[in-house]
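J.: Single-letter residue listing:
Number of protein chains: 2
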Amino acid sequence: MPQKRLATTLLSTLLCAGLAAPSLASDDSLQEAIDYRSGVMNVFNWNLGPMGAMLKEKIPYDQAAFARHAKDLASAAALDVLSGFPDDSVSDDSAAMSEIWLDWDDFAAKYDDLKQASAKLAEVAAGGDKAAIAEQFDATRKTCKACHKQYKE
Amino acid sequence: MPQKRLATTLLSTLLCAGLAAPSLASDDSLQEAIDYRSGVMNVFNWNLGPMGAMLKEKIPYDQAAFARHAKDLASAAALDVLSGFPDDSVSDDSAAMSEIWLDWDDFAAKYDDLKQASAKLAEVAAGGDKAAIAEQFDATRKTCKACHKQYKE
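Protein sequence lines correspond, in order, to chains R and Z. Residue 99 in our numbering sits at position 99 of the first sequence, with consecutive numbering throughout. Counting the second sequence from 1 gives a position; our numbering is that position plus 1000.
Keep in mind that the hints were calculated from the coordinates and are not lab data. Even glycine gets a Cβ: it sits at the ideal position worked out from N, Cα and C. Among the hints, a few may not be true.
[What the hints assert, rightly or not] Here are the simulated lysine-lysine pairs, DSS-like style, with alpha carbons at most 27 Å apart:
no.: 1; chain 1: R; residue 1: Lys115; chain 2: Z; residue 2: Lys1056
no.: 2; chain 1: Z; residue 1: Lys1115; chain 2: R; residue 2: Lys120
no.: 3; chain 1: Z; residue 1: Lys1142; chain 2: Z; residue 2: Lys1110
no.: 4; chain 1: Z; residue 1: Lys1115; chain 2: R; residue 2: Lys115
no.: 5; chain 1: Z; residue 1: Lys1115; chain 2: Z; residue 2: Lys1130
no.: 6; chain 1: Z; residue 1: Lys1130; chain 2: Z; residue 2: Lys1142
no.: 7; chain 1: Z; residue 1: Lys1056; chain 2: Z; residue 2: Lys1120
no.: 8; chain 1: Z; residue 1: Lys1152; chain 2: Z; residue 2: Lys1130
no.: 9; chain 1: R; residue 1: Lys120; chain 2: R; residue 2: Lys142
[Claimed, not checked] Simulated restraints, written as ranges between beta carbons of each label pair:
no.: 10; chain 1: Z; residue 1: Gly1128; chain 2: R; residue 2: Ser26; range: 23 to 33 Å
no.: 11; chain 1: Z; residue 1: Ser1091; chain 2: R; residue 2: Lys56; range: 40 to 50 Å
no.: 12; chain 1: R; residue 1: Ala131; chain 2: Z; residue 2: Lys1056; range: 27 to 37 Å
no.: 13; chain 1: Z; residue 1: Ala1131; chain 2: R; residue 2: Gly127; range: 38 to 48 Å
no.: 14; chain 1: R; residue 1: Asp28; chain 2: Z; residue 2: Gly1128; range: 44 to 54 Å
no.: 15; chain 1: Z; residue 1: Ala1139; chain 2: R; residue 2: Ala131; range: 20 to 30 Å
[To be verified] These stretches of chain Z come out as covered by chain R in the derived footprint (C-beta under 8 Å, 3 or more residues):
no.: 16; region: 1037-1048
no.: 17; region: 1062-1075
Please model the entire structure based on the sequences and the hints provided.
T.: Printed below as a string of structure tokens:
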């Protein structure tokens, strides 16, 4: 992906200025960071999938199960996930685009949107009002999409 | 791995009795379960690594960073991780051994040990007493090892 390589070179230059992203020590650390951040995404998916399926009535709605998934999504989103995106950790093994490090503050803000939205979803889901739950689930999914659109290949 | 296959066959027979593990719907669900549970393990490793390195003085001890890692380890351990081990989800893509489903209650108890130990580690780490932290870190690592010894290839 030549565009990615170009962006990486540009990135390396820009990062000399010392932006806010954590730094990377070795190839091992690169792989660990990728494993970590993709692991967190797997946890997100594991919880988002059944919640979406319940709201679309593909599987029976189960209030307790929904609330548990919402709680776990919020817990996973509250992890220090941004530490899994150290400076210049662009790789063919990762869908993370170099634009993340070119606009770190925006990426971090978009990640924070997920954190806030999923925390609210957990709260609403515990309450059990299905219409409110569906609305907040949509709001949460929108934060995923907003970030992926700009920063995920 | 013939031993694994044999155990799987045995397992399928035994599982007709209906043990406590969650059930599996399709090959897609199998892969999702593996992605989820291995994703959680990646989150564990991401946090255990630096804590171990700090205590072994391979990297400088940083109280705030240690406490954050301990908190995140406990948060990840508190997820509904056992749901990622549905009945009969043995696969060559996973290090999870079939013994898990042959002795589900013991597996679940060993997983609970990690949950308790990591919650205590998060508490001790927030307090900042380095000797107590090192002791509780060892206790936590022991819960990982006890489970891996029996249930991880």
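J.: Taking the hints in turn, state whether each one holds.
T.: Here is how each hint holds up against the structure:
1. At roughly 33 Å between alpha-carbon atoms, R/Lys115 and Z/Lys1056 are farther apart than 27 Å, so this suggested pair is violated.
2. Using a Cα cut-off of 27 Å, the hinted pair Z/Lys1115 and R/Lys120 holds, with the two alpha carbons roughly 25 Å apart.
3. Distance hint between Z/Lys1142 and Z/Lys1110 is fulfilled; the C-alpha atoms sit about 10 Å from each other, no more than 27 Å.
4. With a C-alpha separation of about 23 Å, the suggested pair Z/Lys1115 and R/Lys115 falls inside the 27 Å cut-off, and the hint holds.
5. A distance of roughly 21 Å separates the Cα atoms of Z/Lys1115 and Z/Lys1130; the hinted pair therefore holds under the 27 Å criterion.
6. Taken as a hint, the Z/Lys1130 and Z/Lys1142 pair is honoured in the structure, with Cα atoms around 18 Å apart against an allowance of 27 Å.
7. Straight-line distance between C-alpha atoms of Z/Lys1056 and Z/Lys1120 comes to about 20 Å, which keeps the hinted pair within the 27 Å bound.
8. Using a Cα cut-off of 27 Å, the hinted pair Z/Lys1152 and Z/Lys1130 is violated, with the two alpha carbons roughly 31 Å apart.
9. Distance check on the hinted pair: R/Lys120 and R/Lys142 sit about 14 Å apart at the alpha-carbon level, within 27 Å; holds.
10. The given range of 23 to 33 Å is respected by Z/Gly1128 and R/Ser26, whose C-beta atoms sit roughly 29 Å from each other.
11. As the Cβ distance of Z/Ser1091 to R/Lys56 is approximately 28 Å, the hint placing it in 40 to 50 Å is violated.
12. A beta carbon spacing of about 53 Å between R/Ala131 and Z/Lys1056 contradicts the range 27 to 37 Å that was offered as a hint.
13. Restraint check, Z/Ala1131 to R/Gly127: a C-beta distance of roughly 44 Å satisfies the suggested window 38 to 48 Å.
14. For the pair R/Asp28 and Z/Gly1128, the supplied restraint of 44 to 54 Å is violated, since their beta-carbon distance comes to about 29 Å.
15. Judged by the Cβ atoms, the range 20 to 30 Å given for Z/Ala1139 and R/Ala131 is violated: they are separated by roughly 46 Å.
16. A count of 8 residues in the region 1037-1048 of chain Z with a Cβ less than 8 Å from any Cβ of chain R is obtained; the coverage claim is therefore met, three being the minimum.
17. Coverage of a stretch by a chain is defined here by at least three residues with a beta carbon nearer than 8 Å to that chain's beta carbons; for the region 1062-1075 of chain Z and chain R the count is 3, and the condition holds.
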